[in-house]
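Student: The chain contents come next:
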Amino acid sequence: MATPCRDFDRRWNRLLDRRDPPPAGPDLHADGDADLAAHAAHCPRCRARAAGYDALRLALDERARAAPEPAAPALTARILDAWRAEAAAAEAAAIASRTRPILRAAALAAALALAIGLGLLSRGPRRPDPAPAVTAAARPTAVRPLAESLADATAATLDLARETSAPAARLGRLVLASAAPAGEPDPAAEALALPISMAPSAEVLESVGDGLRPLSGSARRAFGFLLGPATAPTRPAAMPSPGA
Amino acid sequence: MNDRAEGPPPATGDVEAERWLVAAVRAGRADAQERLIERYQGPVLALCLRMLGHRQDAEDVVQETFLRAFRSLAGFDPMRPLRPWLLGIAANRCRTALARRARRPVPADSLGDRPDPRPALADPDDLAGELDRALARLRPEYRAVVVLYHEQNLSYEDIGVALGRPVGTVKTWLHRARAELAVDLSRRGVQCGWPGPGR
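Chains A and B, in that order, give the protein sequences. Under the working numbering, the first residue of the first sequence carries the number 2, and numbering increases by one thereafter. Under the working numbering, the first residue of the second sequence carries the number 631, and numbering increases by one thereafter.
Treat the hints loosely; a few may be bogus.
To be verified - Derived pair list, reagent style DMTMM-like, types lysine to aspartate or glutamate, alpha-carbon separation capped at 20 Å:
1. B/801 to B/756
2. B/801 to A/149
3. B/801 to A/8
4. B/801 to B/787
5. B/801 to A/10
6. B/801 to B/781
Stated by the list, open to error - Computed spacing ranges between beta-carbons, pair by pair:
7. A/105 to B/797: 48 to 58 Å
8. B/728 to A/115: 18 to 28 Å
9. B/645 to A/105: 43 to 53 Å
10. A/90 to B/711: 25 to 35 Å
11. A/105 to B/802: 34 to 44 Å
What the hints contain is simulated information worked out from the structure, not anything from laboratory work. Being a predicted model, the structure only gives us computed values, none of them experimental. Yeah, the Cβ is synthetic: ideal placement off N, Cα and C, and Gly gets one too.
If we strip away everything but chain B, and leave its shape as in the complex, we get:
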């Protein structure tokens, strides 16, 4: 396996590049570690930000995710795709961080960071912001499957492996999450695209 890690990384092919990275990190190449972090930091950070809604907390979880990955890489099957594996670690770490946060008393000065639960007139130009606020009100497992499916483009099977759940459970969670999001957006007056009664 270590012979794969010698020389420069392959120029083409995600699968080959991933396998080279895994082998190089296992061989203890510091440049490979840095390369692996740079390659997957964006998706992992995006997932953590969406799950936690707080930059500092998200960066802490990203760090914890990569440290755990480096520790566990010796037992990782290089035939498996690396990204779903990393995102699965991150999702589980986010869930743990959210549980820890729920047990922590909320300081009075952080009340302003909470999502506004009041219905408000939607800004048609801020659909992504409305989606973020609706996502923040979902259960963490529902939020995770929405982000992993729609933003990280993982398949049902990959999400199931990442979260350690059967595919049927993942599908159920995603469908329920979409229904809740649709109702939430509709209640907040976010209506666009669908012809209304008068259109």
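Okay, chain A solo, but in the shape it has when bound:
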């Protein structure tokens, strides 16, 4: 019975599965696979495949006969060294894992003791306060310097105002004195007669220049700062002509 092409590979696989030395090509007849050879003789495709399978069989056979790979002492030593290093690392890790809870508990206890110690130290015997407590009697002395400073600042401000306004006031008096009619009391002299410490009142300053019609408007504009900021700007009723 002729072997079909589809059985060719399967039969060769069965031959190659054998553990004992596989038969050579011609021995196929002896193994009852003569029809393989007969088929290959008439089928060029299967003949080419059979040649490849036969080469594979011989190559596998040659490989099986080759000397086994010898053990390399250097490789053995290398593997053992790596294993010892790994075992040592594992042992160190095991020791660390065993001692870690103990160390953790010890660290926790030390931290707790430290915290308790610090707490006790902070609550220890109360020492006298080095800073004297502020008593009710001493408290005004602490406030007093501020009031004195404010009073000094006020006085200095007034002095400064007087000094800066003195030249203007002097000029004003000179103008008024030169413009006053003869025989009438000189308001500038009256103002000068006032005590120094006494500030001129608003009424006095309002009266300055009364009766001096030709110059009253100009005098008011020039010396209005002496009257203070409350006075509204006044507009002269009738500006005198330059020739009047």
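Using the hints provided, position chain B relative to the given structure of chain A.
Tutor: Coordinates of chain B only, in the frame set by chain A:
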């Protein structure tokens, strides 16, 4: 279990020797670790070399395989065979290393290490070399099952356990891998043994 680890290892019997080794390593015997590495380093290194095609990378994966095995040995069932278990760890580590390598940019000076994809006249005396080059062109899972089956002599069941795949998947992978290898070898002109048309 630890009483098994006392005294010298059993002189005969692979199964007994494996169980003694497992028990001794679990008991923390340094000489047992060394003995276990020496006993299984060859097959593990052969698998890694075939999978990765680079000696330094293969040794790195061998080291990683044994370190993982030592870490996981406490949960290992001593009734199971040790070798498929170790080879399974190695195969998975190789797959991870290959994925890592695929993400890494290839330096220009390493281009010479790549397998030559051009078809060339096969050297009949270098069948194993041709097989290595063909294996390097396979998908990693196919490569792993070929190496585990044909070079490490694991059964389909052991390969399935080692790779975490059903036996049916392992069989499918192995058959496809063989077909690809046969086609690859044939294309490269590696023909020997099978009588040609004129023979």
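Student: None of the hints should be skipped; say for each whether it holds.
Tutor: Hints, one by one, checked against the model:
1. About 28 Å separates the Cα atoms of residue 801 of chain B and residue 756 of chain B, which puts this hinted pair outside 20 Å; it is violated.
2. For the hint linking residue 801 of chain B to residue 149 of chain A, the alpha-carbon distance of about 114 Å lies beyond 20 Å, and the restraint is violated.
3. The straight-line distance between the Cα atoms of residue 801 of chain B and residue 8 of chain A is roughly 16 Å, inside the 20 Å bound, and the hint therefore holds.
4. Pair hint residue 801 of chain B plus residue 787 of chain B holds up; C-alpha atoms about 10 Å apart against a cutoff of 20 Å.
5. Distance hint between residue 801 of chain B and residue 10 of chain A is fulfilled; the C-alpha atoms sit about 13 Å from each other, no more than 20 Å.
6. For the hint pairing residue 801 of chain B with residue 781 of chain B, the CA-to-CA distance comes to about 16 Å; that is within 20 Å, so the pair holds.
7. For the pair residue 105 of chain A and residue 797 of chain B, the supplied restraint of 48 to 58 Å holds, since their beta-carbon distance comes to about 53 Å.
8. Between residue 728 of chain B and residue 115 of chain A the beta carbon distance is about 58 Å. The supplied range of 18 to 28 Å is therefore violated.
9. In this structure the hint that residue 645 of chain B and residue 105 of chain A lie 43 to 53 Å apart at CB holds, the actual value being about 49 Å.
10. Our hint of 25 to 35 Å for residue 90 of chain A and residue 711 of chain B holds, since their Cβ atoms are close to 31 Å apart.
11. A beta carbon spacing of about 57 Å between residue 105 of chain A and residue 802 of chain B contradicts the range 34 to 44 Å that was offered as a hint.
Hint compliance for this structure: hints 1, 2, 8, 11 are not met, and every other hint is.
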